[in-house]
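Model the full assembly from the supplied sequences, consistent with the hints where possible.
Here is how the chains run, residue by residue.
There are 4 protein chains.
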Amino acid sequence: MPFSSKPTEPIRQLLAGIRAFRARYYDRRPENMRQLVTEGQHPEVLLIGCSDSRVDPALLTMAEPGELFVVRNVANLVPPYQPDGSYHGTSAAIEYAVKSLKVSEIIVLGHAQCGGIQGLIRLRTGQKAEDDFVSPWVSIAASALDPYVGPEGSEQEKFDAERLQHTPAIIERAAVRASVENLMTFPFVREGVEAGTLHIHGWWFDLENGEMWAIHPETRMFQPVE
Amino acid sequence: MPFSSKPTEPIRQLLAGIRAFRARYYDRRPENMRQLVTEGQHPEVLLIGCSDSRVDPALLTMAEPGELFVVRNVANLVPPYQPDGSYHGTSAAIEYAVKSLKVSEIIVLGHAQCGGIQGLIRLRTGQKAEDDFVSPWVSIAASALDPYVGPEGSEQEKFDAERLQHTPAIIERAAVRASVENLMTFPFVREGVEAGTLHIHGWWFDLENGEMWAIHPETRMFQPVE
Amino acid sequence: MPFSSKPTEPIRQLLAGIRAFRARYYDRRPENMRQLVTEGQHPEVLLIGCSDSRVDPALLTMAEPGELFVVRNVANLVPPYQPDGSYHGTSAAIEYAVKSLKVSEIIVLGHAQCGGIQGLIRLRTGQKAEDDFVSPWVSIAASALDPYVGPEGSEQEKFDAERLQHTPAIIERAAVRASVENLMTFPFVREGVEAGTLHIHGWWFDLENGEMWAIHPETRMFQPVE
Amino acid sequence: MPFSSKPTEPIRQLLAGIRAFRARYYDRRPENMRQLVTEGQHPEVLLIGCSDSRVDPALLTMAEPGELFVVRNVANLVPPYQPDGSYHGTSAAIEYAVKSLKVSEIIVLGHAQCGGIQGLIRLRTGQKAEDDFVSPWVSIAASALDPYVGPEGSEQEKFDAERLQHTPAIIERAAVRASVENLMTFPFVREGVEAGTLHIHGWWFDLENGEMWAIHPETRMFQPVE
Chain B
1 MPFSSKPTEP IRQLLAGIRA FRARYYDRRP ENMRQLVTEG QHPEVLLIGC
51 SDSRVDPALL TMAEPGELFV VRNVANLVPP YQPDGSYHGT SAAIEYAVKS
101 LKVSEIIVLG HAQCGGIQGL IRLRTGQKAE DDFVSPWVSI AASALDPYVG
151 PEGSEQEKFD AERLQHTPAI IERAAVRASV ENLMTFPFVR EGVEAGTLHI
201 HGWWFDLENG EMWAIHPETR MFQPVE
Chain H
1 MPFSSKPTEP IRQLLAGIRA FRARYYDRRP ENMRQLVTEG QHPEVLLIGC
51 SDSRVDPALL TMAEPGELFV VRNVANLVPP YQPDGSYHGT SAAIEYAVKS
101 LKVSEIIVLG HAQCGGIQGL IRLRTGQKAE DDFVSPWVSI AASALDPYVG
151 PEGSEQEKFD AERLQHTPAI IERAAVRASV ENLMTFPFVR EGVEAGTLHI
201 HGWWFDLENG EMWAIHPETR MFQPVE
Chain A
1 MPFSSKPTEP IRQLLAGIRA FRARYYDRRP ENMRQLVTEG QHPEVLLIGC
51 SDSRVDPALL TMAEPGELFV VRNVANLVPP YQPDGSYHGT SAAIEYAVKS
101 LKVSEIIVLG HAQCGGIQGL IRLRTGQKAE DDFVSPWVSI AASALDPYVG
151 PEGSEQEKFD AERLQHTPAI IERAAVRASV ENLMTFPFVR EGVEAGTLHI
201 HGWWFDLENG EMWAIHPETR MFQPVE
Chain R
1 MPFSSKPTEP IRQLLAGIRA FRARYYDRRP ENMRQLVTEG QHPEVLLIGC
51 SDSRVDPALL TMAEPGELFV VRNVANLVPP YQPDGSYHGT SAAIEYAVKS
101 LKVSEIIVLG HAQCGGIQGL IRLRTGQKAE DDFVSPWVSI AASALDPYVG
151 PEGSEQEKFD AERLQHTPAI IERAAVRASV ENLMTFPFVR EGVEAGTLHI
201 HGWWFDLENG EMWAIHPETR MFQPVE
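Protein chains in written order, with the working numbering: chain B, 1 to 226; chain H, 1 to 226; chain A, 1 to 226; chain R, 1 to 226.
Calculated from the structure, these hints are not laboratory results.
These figures come from a predicted structure and were not determined experimentally.
All C-beta atoms in this analysis are idealised placements derived from N, C-alpha and C, irrespective of residue type, glycine included.
There's no promise every hint is true.
Listed next, the in silico BS3-like pairs over lysine-lysine satisfying Cα-Cα at most 30 Å (straight line) [unchecked claim]: (1) Lys-6/A with Lys-99/R; (2) Lys-128/A with Lys-102/A; (3) Lys-99/B with Lys-99/H; (4) Lys-99/A with Lys-6/R; (5) Lys-128/A with Lys-99/R; (6) Lys-102/B with Lys-6/H; (7) Lys-158/H with Lys-128/H; (8) Lys-128/R with Lys-158/R; (9) Lys-99/H with Lys-6/B; (10) Lys-158/B with Lys-128/B; (11) Lys-128/H with Lys-102/B; (12) Lys-128/R with Lys-102/A.
Derived CB-CB ranges, DEER-like [said to hold, decoys possible]: (13) Ser-100/H with Arg-163/B: 19 to 25 Å; (14) Ala-195/R with Asn-209/A: 39 to 45 Å; (15) Arg-29/H with Glu-157/B: 53 to 59 Å; (16) Arg-29/H with Pro-224/A: 29 to 35 Å; (17) Asp-84/B with Arg-220/H: 42 to 48 Å; (18) Glu-157/B with Thr-8/A: 50 to 56 Å; (19) Tyr-148/H with Pro-147/B: 48 to 54 Å; (20) Thr-8/H with Gly-153/B: 43 to 49 Å; (21) Gly-40/B with Ser-139/R: 54 to 60 Å; (22) Gly-150/R with Glu-208/B: 54 to 60 Å.
Covered stretches of chain A, going by a simulated chain H footprint (3 or more residues, C-beta under 8 Å) [as the list claims (entries may be wrong)]: (23) 10-19; (24) 150-161.
In C-alpha cells:
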C-alpha cells in the first residue's frame, strides 16, 4: 500500500497552506475564485517552464489564479510536432491552450542553473548517463548544442565539454530558442503567429541576479528586460 | 519571425510582476534566494498537477521558491513506466525528482472542472475528438473509466456518457488513482515506497468549495482533509 | 542635522519593499490604487490598535490598501471625550473616521504580551516608573484594574501585583473594555451606535496561539471567535 | 449595549483574513511568530504614519510582523515635547520605542491627498471648522504654513487659501518637516541622534504615482528616492 498513514512535516505544512488559501481566496476575497468557477478559466498566457522549484511561474510573475496556463517539465522543453498517437504531454497542453483556450501569448521560460540542461551538456559531450527518461527527454534540444561542441570524440569536444560546464547559460538560452522553433512546427501555432493573434516569447531568468532576459524581437538576441 | 515587437498588455503585466518579485525576493528579503542560488534546490516534494490556470500549486499551498518540484500537464497524469527512449516529459521529471533530488513526497493533484478529464469522458464514451495530442494523452487514464461505463456501443454507454458529464468528479478522482498506480510501476518509485523513504499522495481539489480531498491511507477512499 | 547621509540596512530594506509595492500595486494590478486616488478613501472600518510590531492590523486581517482606517498607539487606548482644545490624536482620528468617513465599524484591538499594559500593571500596583509619557498615557485604563487590585499599600496589592505580572491577559482585556466604554462617551459615537449605523467591537489577540477573542454581544464576555 | 449581535460583512471578511493569517503565520511558517512570542519584539524602526487607509505602512514596505513599531494618527503628526502629565499618545509611543525598544530609525511618513492636511489648510486660512478634535490636533503643524500664507484677514491669505487647496503637497511636506523638528525637542531623541545611534527620516508618499520622496540629508529638500 503506497500511502503513508500519518502526514509528514512537509505535507502538514502544505495542508496548512491550503487552509490559508481557502481563507484568503474563498472567504476573505471570494470574487475571483467564484468567477473562475462559474465562468471557467480564460487565461491569456500559456507558460512553458521548468519543474525547478526555484523558478515558479506564478510566484515569479505575481500571478493570481486564472492568469497562467502552465506546463512544467524538465528544462522547459517543447518537442517537435509529432502527431503519432503516443503520449505527448507537453504537446497536448500546447494544443489545449491554443485551440481550446485560445491564449494569445506563449512564453518559453528558461533559467540559470538548470539541472536538465547540465544533463544535456554531459550527454552531448559524450559522458554516459544512467537514466531511463531524463537523457532521452533533454535530447530534444541536443541539436541546439551543435554550434558550441566539436565533433564526437574529438579533442575539441572534450575542451567544449569542460568549458560549457562553466558557462551553461549559453546552452540554456540556445535550448529556449530550440523550443521556440519547435513551437513553430505546430500548424495551429504557426497559423496563430502568422495571423497575428498569437505571440511567442523566449525568456531566460538569471537566478543569481533576479533579472529576466528575453529574445529581442528584431535582433533575436537575448537581452535583459529593462 | 515569431516575435511580436511591442509587449502586449498581459506581457507588460507579467514583467511588472517580475519587477515586484525581484524587489521582494532579491532586495527586500534576499536570504532565501541567495541560499537557493548558492546551495541549489533541495525540494522535499514532487507535485504533479494540472496545467489549469485556476489550480496553481504554489498559490494553493502558499509555497515559497525552493519548496515544490512541479510537473504540470493536462489532467495531472502519470503515464506508465515505458523506458523506450522516446520523449517522456513527465517520466523524466519523476525520475529527476526521485533519483537526483531525492524528494520524500510525491503528490498527484487532481481537481474539479478539469477540461482534460471532460475530454477523456467524451473520448471513452464514443464521442469523436478532432485533436492530435489531447485525446491520446488523456487516454492514459482511459481504463479508470471501466467501472463506470457500459460496453462500447451499448445503451448503457450512452446513458453513462450523459451521466458522467454531470458528475465528472468521480472520474477526476479515478484518474488520480490511475496515476498513483502508474507511479508505482516506476521501479525507483516502488523501491522508495517500500523502503519507507518515499510517500505518495493522491489529492483532489474541490474548486467550488475550496476543499482539498485526499485518498485515505487505510480506506483508500477520497475524503476531505479536515 | 538629524539626517543620516547613507541609508542604513533597515532603511535600505524598507525602500526595496516600497519598490515591490509600487511594482505590485501600481504596475501589476493598478485598478485598486487608481480608484483610491481618483475617488478617495472609503474605509468601512476604524481600527484602534497597538503600536506593537507583532500585531499589525493590515497583516493580521489580510487587508488591502483602502480597507482600514487605523489608529495605533501604546496599548490601543481610547481616552475619554475631552473637547478641551488640546492635542488629542486618538480622539481626532475617531472624530475624522466617524464624522468625515462615516465608518460603520469601530474595532478596539488589544493583544497578549502588551508592553503598555505591563507598564500599567506596574504603575497601578505602586511601582515607580521613570518616564514622561508612557505612564500618564496608560493610566487612561487605570480604573480597569480596580476589581483586580487591593487598596494602595496593602498586602493584597503586593500579592495582586505579583499575580497580575503572570496573568496580564485579564488586564489587557479589561483595558479593551475600558476603551470601548470611553468610545461611548463620544456623542457622535453614541448617536451612531444608538441609530444602528455604527457597531463597536472589542477584540483581543492571543499572540501565543494566533486566536482572536471578541467580546460577545450578549454575554459581554471575551470568547474565542469560532 | 454597544455590541451588534451578528457580524456585518466587513467584520466577517476581517475574521476570514485572521483565519488566513493564522494558517499562514502559525501553521504554514510558524518560525517567525514563535520567535516573536518567545523573545518579544525587537523592531529597529519606529514609523509615524497617517491613519489614512490607503497608506498602510506594513503593506507599503512589505513588512512582516515584528519589523515596524507603528504610530498612526491623523496627518502623521508629532507634537512638541510637553511632559505635563496629560494624555499624549504619540509622545508615549515615541518614548517607548526609543527608551524601551531602542529603535535605531524613526520615520515620519506623510503622503499626498491627506485629509488632515486639507483641514489644516482650511483652518490656517481662516475657514471655520466645526469639530472638537481634528482642528486642535492638526494645528500642531500650523506654523509650518507661515511661509506660504499671507497675514490673517488679508487678500493674500484668501489667494493663498485657494492656491494651497490645489497644491497641498507643499504643506504635506512642510508638516513632515515640522514633525521632524518636534521630534528633536524630545531630549532622548536628540541624545540618540547626536550619539549617532538614532536616525530620523522624513518621507512623503506620492499616492498618484507610487513614488516615495525623502528629505535629502544634505540639501534637506524632498527628493524622490531613486
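Hint check:
1. A threshold of 30 Å between alpha carbons decides the hint, and for Lys-6/A with Lys-99/R the separation of about 24 Å falls inside it, so the pair holds.
2. With a C-alpha separation of about 42 Å, the suggested pair Lys-128/A and Lys-102/A falls outside the 30 Å cut-off, and the hint is violated.
3. Between the alpha carbons of Lys-99/B and Lys-99/H the distance comes to roughly 36 Å, so the proposed pair goes past 30 Å and is violated.
4. Simply put, Lys-99/A and Lys-6/R have alpha-carbon atoms about 24 Å apart, close enough for the 30 Å limit, and the pair holds.
5. Between the alpha carbons of Lys-128/A and Lys-99/R the distance comes to roughly 16 Å, so the proposed pair stays at or under 30 Å and holds.
6. Between Lys-102/B and Lys-6/H, the direct Cα distance comes to roughly 20 Å. Compliance with the 30 Å bound is thereby established for this hinted pair.
7. For the hint linking Lys-158/H to Lys-128/H, the alpha-carbon distance of about 14 Å falls within 30 Å, and the restraint holds.
8. At roughly 14 Å between alpha-carbon atoms, Lys-128/R and Lys-158/R fall within 30 Å of each other, so this suggested pair holds.
9. With a C-alpha separation of about 24 Å, the suggested pairing of Lys-99/H with Lys-6/B holds against the 30 Å cut-off.
10. In summary, the hint linking Lys-158/B to Lys-128/B is supported, as the alpha carbons are separated by about 14 Å, within the 30 Å threshold.
11. Annotation: proposed proximity of Lys-128/H to Lys-102/B holds, straight-line Cα distance about 21 Å (limit 30 Å).
12. Proximity of Lys-128/R to Lys-102/A is assessed by CA-CA distance (about 21 Å); at most 30 Å being required, the pair is judged to hold.
13. Separated by about 23 Å at the C-beta atoms, Ser-100/H and Arg-163/B satisfy the suggested range of 19 to 25 Å.
14. Checking the proposed 39 to 45 Å range against Ala-195/R and Asn-209/A shows it holds: the Cβ atoms sit about 40 Å from each other.
15. Between Arg-29/H and Glu-157/B the Cβ separation comes to about 43 Å, which falls outside the hinted range of 53 to 59 Å.
16. Taking 29 to 35 Å as the suggested C-beta distance range, the pair Arg-29/H and Pro-224/A conforms, at roughly 32 Å.
17. For Asp-84/B and Arg-220/H, the hinted distance range of 42 to 48 Å is not satisfied, since their beta carbons lie about 36 Å from each other.
18. Checking the proposed 50 to 56 Å range against Glu-157/B and Thr-8/A shows it holds: the Cβ atoms sit about 53 Å from each other.
19. At about 53 Å, the CB distance of Tyr-148/H to Pro-147/B agrees with the hint of 48 to 54 Å.
20. A hinted range of 43 to 49 Å for the beta carbons of Thr-8/H and Gly-153/B is consistent with their spacing of about 47 Å.
21. Checked against the hint of 54 to 60 Å, the pair Gly-40/B and Ser-139/R passes, with Cβ atoms roughly 57 Å apart.
22. Hint check: Gly-150/R to Glu-208/B, Cβ distance near 59 Å, so the stated range 54 to 60 Å holds.
23. Using a Cβ-Cβ cut-off of 8 Å, 4 residues of the region 10-19 of chain A lie near chain H, which meets the minimum of three, so the contact claim holds.
24. With 0 residues bearing a CB less than 8 Å from a CB of chain H, the region 150-161 of chain A misses the requirement of three and the coverage assertion fails.
Hint compliance for this structure: hints 2, 3, 15, 17, 24 are not met, and every other hint is.
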